[in-house]
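A.B. asks: Sequence:
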Amino acid sequence: MAKQRRDADRRSRQCAKFARLIRIARLVMGNGRWGPDDLARELECSVRTVYRDVEVLTVAGIPIFFDKADQAYRVPGGFRFSGIEPQPVPAGAPASPAVHDLLCSARSLLGEAEAFVTRLRSLCAELESGRRETG
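The UniProt record's numbering puts the first residue of the sequence shown at 1, with every later residue one more than the last.
Note that these hints are calculated values from the structure, not bench results.
These numbers come from a predicted model, not from an experiment.
Hints should not be assumed to be uniformly reliable.
To be verified - What follows is a set of in silico ranges between Cβ atoms, one per label pair, in the way DEER data are often shown:
| hint | residue 1 | residue 2 | range |
| --- | --- | --- | --- |
| 1 | 58 | 31 | 14 to 24 Å |
| 2 | 22 | 66 | 13 to 23 Å |
| 3 | 32 | 63 | 46 to 56 Å |
| 4 | 37 | 122 | 46 to 56 Å |
| 5 | 124 | 68 | 45 to 55 Å |
| 6 | 78 | 11 | 32 to 42 Å |
| 7 | 14 | 119 | 42 to 52 Å |
| 8 | 17 | 121 | 42 to 52 Å |
| 9 | 8 | 108 | 17 to 27 Å |
| 10 | 48 | 122 | 51 to 61 Å |
| 11 | 124 | 14 | 53 to 63 Å |
| 12 | 12 | 79 | 28 to 38 Å |
| 13 | 22 | 72 | 10 to 20 Å |
Note that beta-carbon positions come from the ideal geometry of N, C-alpha and C, so glycine has one too.
Produce the complete structure using the sequences and hints provided.
C.D. replies: Shown next as structure tokens:
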């Protein structure tokens with residue numbers, strides 16, 4: 001019969017893995033060259049564990065890729081984590097976290113779109129007034 005792990009041991013291993021994932025993301029996104037062997041030495045784990053962790057980070061949305069020229073993991077230059085500031089939920093809003101996140105993103109996007117339209121209208125007005133003055 002297989003040995004049963006206690007919940008405390010399982011949670012401890014999960015926390016260690018989560019901490020390792022965060023460290024890999026920070027190292028790869030920072031300055032320096034971090035190949036699989038370097039990361040394994042730094043994190044005191046196997047190279048295979050590094051491969052698995054990089055795959056987890058990729059699935060989670062961090063676009064890590066291996067640069068063959070530098071023999072190091074990289075993240076595209078413009079990549080940034082999206083903001084994770086909590087948004088207030090109105091009393092009648094759906095309870096689903098996915099729906100809530102979608103609503104918050106949509107509201108944010110609409111706000112940015114409205115600001116863009118306002119700036120675009122202002123630019124059009126300036127261009128039209130400049131055309132009238134020269135015409």
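A.B. asks: With reference to the structure, classify each hint as holding or not holding.
C.D. replies: Here is what the structure says about each hint:
no. : hint                   : in the structure
1   : 58 <-> 31: 14 to 24 Å  : holds (21 Å)
2   : 22 <-> 66: 13 to 23 Å  : holds (20 Å)
3   : 32 <-> 63: 46 to 56 Å  : violated (18 Å)
4   : 37 <-> 122: 46 to 56 Å : holds (55 Å)
5   : 124 <-> 68: 45 to 55 Å : holds (48 Å)
6   : 78 <-> 11: 32 to 42 Å  : holds (36 Å)
7   : 14 <-> 119: 42 to 52 Å : holds (47 Å)
8   : 17 <-> 121: 42 to 52 Å : holds (51 Å)
9   : 8 <-> 108: 17 to 27 Å  : violated (40 Å)
10  : 48 <-> 122: 51 to 61 Å : holds (57 Å)
11  : 124 <-> 14: 53 to 63 Å : holds (55 Å)
12  : 12 <-> 79: 28 to 38 Å  : holds (31 Å)
13  : 22 <-> 72: 10 to 20 Å  : holds (19 Å)
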